[in-house]
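K.L.:
Chain by chain, the residues run as shown.
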Amino acid sequence: MTALAERVRWAPRLATGPAAGTWIALGLVVLLAAAIVTARGGDYLTQANLLNMLSRTTALGIVAVGQTIAILAGSLDLSVAYLIGLTSLIAAEVMAGDPAMIVPGVLAVLAASALVGLVNGLVITKLQVNAFIATLGVGLVIKGILESRYEGPAGSVPVLFQRLGYDRIGPIPVAVLLMLAVAGAAALFLHRTRAGHHVYAVGGNVEVARLSGVPTTRTTVLAHVICSLCAGVAGLYLASRLGAGAPYVGTDGGYDLESIAAVVLGGTVLAGGRGGVSGTVAGVLLLAVLDNLFDQLVLDAFFKASCAAP
Amino acid sequence: MRTLRDRVGAAAPVFGVLLLLLVAIAVVNPNFLEPASLLAYLKRAAPLAILAVGQYFVIVSGEFDLSVGSLVTVQVVVAARLIDGDESATVPVIVLLIGLGLLVGLVNGLITTRLHVPSFVTTLGMLLVLSGAVFLWTGGAPRGSLSESFREPGRQGIDIPGFGQVPWSALILIAVAAGAAVLMRSAWGHTLVATGDNDRAAALAGVPVERVRTTAFVLSALAATVAAILLGGFAGVSAQVGEGLEFSAITAVVLGGVVLGGGRGSVLAALAGALVLEALFTLLNLLGVSGALESTVQGVIIIAAVAYAARRAGRRRRPPAVPEPSPQPA
Amino acid sequence: MKRSMVLATGAVLLLATACTSDVPPGGAAPTAAPGTSAPPAATQFFDQAEHDRQLALRDEAAEGPADQPWVQMLEPEMVDTAQYATQGPHNVCFSNASVDNPWRQVGWTTMQAEVDLHRDEIANFTALDAGASDDKQISDIQQLVGGDCDALIVSPNTTATLTPAVEAACGQLPVIVFDRGVDTDCPVTFIHPVGGYAFGATAAEFLADQVGQGGKVLALRVLPGVDVLENRWAAAERIFAARGVDVVGVEFTENDTATAKSVVSDYLQREGQINGIWMDDGTAAVAALEAFEDAGQPLPAISGEDQQQFLEKWQAEGLTAQAPTYPTFQWRTAVIAALQILRGEQVPSEWILPQPTITSENLDQYLQPGLPPLHYALCGCQQMPDFPARWGA
Numbered sequence: 001m002t003a004l005a006e007r008v009r010w011a012p013r014l015a016t017g018p019a020a021g022t023w024i025a026l027g028l029v030v031l032l033a034a035a036i037v038t039a040r041g042g043d044y045l046t047q048a049n050l051l052n053m054l055s056r057t058t059a060l061g062i063v064a065v066g067q068t069i070a071i072l073a074g075s076l077d078l079s080v081a082y083l084i085g086l087t088s089l090i091a092a093e094v095m096a097g098d099p100a101m102i103v104p105g106v107l108a109v110l111a112a113s114a115l116v117g118l119v120n121g122l123v124i125t126k127l128q129v130n131a132f133i134a135t136l137g138v139g140l141v142i143k144g145i146l147e148s149r150y151e152g153p154a155g156s157v158p159v160l161f162q163r164l165g166y167d168r169i170g171p172i173p174v175a176v177l178l179m180l181a182v183a184g185a186a187a188l189f190l191h192r193t194r195a196g197h198h199v200y201a202v203g204g205n206v207e208v209a210r211l212s213g214v215p216t217t218r219t220t221v222l223a224h225v226i227c228s229l230c231a232g233v234a235g236l237y238l239a240s241r242l243g244a245g246a247p248y249v250g251t252d253g254g255y256d257l258e259s260i261a262a263v264v265l266g267g268t269v270l271a272g273g274r275g276g277v278s279g280t281v282a283g284v285l286l287l288a289v290l291d292n293l294f295d296q297l298v299l300d301a302f303f304k305a306s307c308a309a310p
Numbered sequence: 001m002r003t004l005r006d007r008v009g010a011a012a013p014v015f016g017v018l019l020l021l022l023v024a025i026a027v028v029n030p031n032f033l034e035p036a037s038l039l040a041y042l043k044r045a046a047p048l049a050i051l052a053v054g055q056y057f058v059i060v061s062g063e064f065d066l067s068v069g070s071l072v073t074v075q076v077v078v079a080a081r082l083i084d085g086d087e088s089a090t091v092p093v094i095v096l097l098i099g100l101g102l103l104v105g106l107v108n109g110l111i112t113t114r115l116h117v118p119s120f121v122t123t124l125g126m127l128l129v130l131s132g133a134v135f136l137w138t139g140g141a142p143r144g145s146l147s148e149s150f151r152e153p154g155r156q157g158i159d160i161p162g163f164g165q166v167p168w169s170a171l172i173l174i175a176v177a178a179g180a181a182v183l184m185r186s187a188w189g190h191t192l193v194a195t196g197d198n199d200r201a202a203a204l205a206g207v208p209v210e211r212v213r214t215t216a217f218v219l220s221a222l223a224a225t226v227a228a229i230l231l232g233g234f235a236g237v238s239a240q241v242g243e244g245l246e247f248s249a250i251t252a253v254v255l256g257g258v259v260l261g262g263g264r265g266s267v268l269a270a271l272a273g274a275l276v277l278e279a280l281f282t283l284l285n286l287l288g289v290s291g292a293l294e295s296t297v298q299g300v301i302i303i304a305a306v307a308y309a310a311r312r313a314g315r316r317r318r319p320p321a322v323p324e325p326s327p328q329p330a
Numbered sequence: 001m002k003r004s005m006v007l008a009t010g011a012v013l014l015l016a017t018a019c020t021s022d023v024p025p026g027g028a029a030p031t032a033a034p035g036t037s038a039p040p041a042a043t044q045f046f047d048q049a050e051h052d053r054q055l056a057l058r059d060e061a062a063e064g065p066a067d068q069p070w071v072q073m074l075e076p077e078m079v080d081t082a083q084y085a086t087q088g089p090h091n092v093c094f095s096n097a098s099v100d101n102p103w104r105q106v107g108w109t110t111m112q113a114e115v116d117l118h119r120d121e122i123a124n125f126t127a128l129d130a131g132a133s134d135d136k137q138i139s140d141i142q143q144l145v146g147g148d149c150d151a152l153i154v155s156p157n158t159t160a161t162l163t164p165a166v167e168a169a170c171g172q173l174p175v176i177v178f179d180r181g182v183d184t185d186c187p188v189t190f191i192h193p194v195g196g197y198a199f200g201a202t203a204a205e206f207l208a209d210q211v212g213q214g215g216k217v218l219a220l221r222v223l224p225g226v227d228v229l230e231n232r233w234a235a236a237e238r239i240f241a242a243r244g245v246d247v248v249g250v251e252f253t254e255n256d257t258a259t260a261k262s263v264v265s266d267y268l269q270r271e272g273q274i275n276g277i278w279m280d281d282g283t284a285a286v287a288a289l290e291a292f293e294d295a296g297q298p299l300p301a302i303s304g305e306d307q308q309q310f311l312e313k314w315q316a317e318g319l320t321a322q323a324p325t326y327p328t329f330q331w332r333t334a335v336i337a338a339l340q341i342l343r344g345e346q347v348p349s350e351w352i353l354p355q356p357t358i359t360s361e362n363l364d365q366y367l368q369p370g371l372p373p374l375h376y377a378l379c380g381c382q383q384m385p386d387f388p389a390r391w392g393a
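Quick note, the sequences are listed as chains W, D and V, same order.
For the first sequence, the numbering used here assigns the number 1 to the initial residue and increments by one for each residue that follows.
For the second sequence, the numbering used here assigns the number 1 to the initial residue and increments by one for each residue that follows.
For the third sequence, the numbering used here assigns the number 1 to the initial residue and increments by one for each residue that follows.
A couple of the hints might just be wrong.
Sample of chain D residues with no beta-carbon within 12 Å of chain W, all distances over it, derived [to be verified]:
| no. | residue |
| --- | --- |
| 1 | 86 |
| 2 | 149 |
| 3 | 158 |
| 4 | 162 |
| 5 | 164 |
| 6 | 166 |
| 7 | 186 |
| 8 | 191 |
Covered by chain W, according to a simulated footprint, are these stretches of chain V (three or more residues, beta-carbon under 8 Å) [stated by the list, open to error]:
| no. | region |
| --- | --- |
| 9 | 136 to 148 |
| 10 | 217 to 226 |
Note that these hints are calculated values from the structure, not bench results.
Keep in mind it's a predicted model, so treat the numbers as computed, not measured.
Just so it is clear, CB atoms sit at the ideal spot from N, CA and C, and this is done for glycine as well.
Modelling step: build the complete structure from the supplied sequences, incorporating the hints.
P.N.:
Structure, rendered in structure tokens:
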């Protein structure tokens, strides 16, 4: 039937460890939501509704995948929301409506995000600043740049690039595939590369990792670079969606705390070292399903109330 | 247990920075050194400083409290709706607010310690629940208004002949600071620090770790209640009154040299961290650094201060970003 | 590894199916003039022609019943809507930017009350709240367009960024936009009061009259980058400059009462005396005045808004004050316009509503006691059922 339902059916086979619980919870919540909405005379499993939920997960999903890697490495990143605003602006300004500038625009975004991740990682490792404060501080620095340079949406994204935000392949939005691709790449990185194993080692115990020869500094920095790159990709997606860059798109979306919440919901341990991307994807879907259900209940409630009165 | 040198060693930079900032403000605006101006500065800093004291208890015990900002908003909005301009309702409502504060702190503490949920997650959830609840309850717009007597502590002061007015906020801040300092010198204070330093060791030594931590959350929520009374008094009803206060309070505590992850730092230094933040805002304002770059300067200074403290503290182990959850029962 | 491969396989399978696009025909939104990237901040929000038009509109007489300003219109250019006429009852849908401030809450309450007045014509009123997120509002609009709506009302969160989604919706059903606009004229009607330039200019002219040349005025603003607010300040700045008013500071308060009060206290300390307070949004007006009271200074001339607690203080203290307004009654107009369109009646393509100014002379006419402190007086809701209880009294 639909991709979501399929994925829910795979869930028990897919997931092991702490992520399994989240996938099961997701399945239960979807069933519950469908039951509630159907009982109230609504139609839950419509293509439009499922699509809406899926496309709502995209930006948060991409950010949360990056956040997972930062958290697995025993760190976290509170600067992502501001970085998303900044990168959406970089994308829209470099592209300036010209399809030929799409590639330079994307590269500029990736370079800027990598730089921010590098700064986050270096401040944490070289200056010995706690990740909470380091990324909060870097976030404030970016906030100041946004506030002093921009007074609102700026730049413009060519139509060709907007297709990233609006196209669908069959029923599935391209952007959802992008999110899954990012998640897949992150999972490959974590489980198939030496650096990925180092992330778990550093997150588990820095001292033990260092003593067993893991390059701890490099690993932490790398985790932050990847986390920031994910935020940059989310910024690109949002720019394609909005047709322009917007300084507040990241903070209005609450991507900093929500991405952390999704990671934790997905069974990744906040102190680092345990968890994975699969759980995070389930966590993001779970948040989207709940959000959507709440929306439906609120509208329902209003029109029940307004129709019941004589 | 910390030695005296250890305590002062970690705390000294923040007092130095505070002094430096106050001197800088006085250079830009010589009026600042007049008692009235200094007291006005203390009055403005009081809510954040009290929140920082509350947050200190939680952080030094190895946890986080992200719910204080939304708790402040809830308290102010609830107070306005229940008092609704009625002077006689003031005292019962304040008692109710304290009860609400106790309850929120207790829930934070119990979920964190008994259900072994990381406090970052517990209090993040509490933040979302409180802001959602207040939104549903009010439909978004606060209703009612605060009575004059409710606003008295945040807005007025006592007149001392020949000197001028001493704001209640400043007096309350001094009382809170003194109380916190005494508490941290007591046996309970030592067990709190020991819990944050190494909860397994503390538990083995017979410290009731769960109860100590829960008490820390309750103290933080009570501090938020006091801050809410002062903020509501200072500026009246607003649905945004508590916005971002949790991050400011944590920043203040960390500026004071208190280590996230627990076990190190003094409560007066945390309080001084709040005074530093407030002085920084005042100075930037006086220098006419536009609102725009203010965040950038703040970000750089926070990182610099913590990096400097880390340098002084020497090459200790890098603390984890987020403390481990309370020990699971075996 | 395994699970990522399953996902990848799923993706490949899906790629095999048909390809669809929801990009609006004609594509990109914000009038993609090449090089629109970040024009200098000073001019970004100033449009001389629009400025002059709004200032002139202030003196224009509105068409329509004087006791129902929400259906009045200024210089209307009517368009035909016969193509949208359908048999009722209708499903009316609404994509709301947010209800995160008291102005929007009063508006939203008023809008729901208006819907209740039309039970016979509106079968369902479906509203989605984007919670101030552009991305969510785009999804909301797509969801509503994909659903069972006969007309779509949009109150955009941001002008430029909502344009593509609104353009896509225009192709499917009649769209009514109000409050902030979008960069396209595809909606059937765009409802808004006269505008920000008129608001800012009215307030600035009043203050310039009150403080005189060389008088000290402090400008309190909410935050940068909101076009309506930027226009208010752009117009005021010009008047203050022309009249020789000494603007001692322009500060952002983010509508936080504590920030506003602190900022004003700082300026009082630094300047010794301030003669006037100009505000681009009156939310924190009472807090600004309290700063004067607490400093033992006489209350200044002030421009606020039609907010209840400000009007009450104005009456109680006999303030030297004025309140240009951005009326919440436009939320009613949106529902009325939607129904007119679905009936096939003509509506103005740009529905410009009057923007009354509250002065000491007409204050009593607007101030109704007993409403919550953050109520907005120009809700046009005084005669609606359940007033004032529904508005929180």
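K.L.:
Please go over all the hints and tell whether each is borne out by the structure.
P.N.:
Here is how each hint holds up against the structure:
no.	hint	result
1	86	holds, 30 Å
2	149	holds, 37 Å
3	158	holds, 38 Å
4	162	holds, 44 Å
5	164	holds, 36 Å
6	166	holds, 34 Å
7	186	holds, 28 Å
8	191	holds, 23 Å
9	136 to 148	holds (count 7)
10	217 to 226	holds (count 3)
Taken one by one, the earlier hints all hold for this structure without exception.
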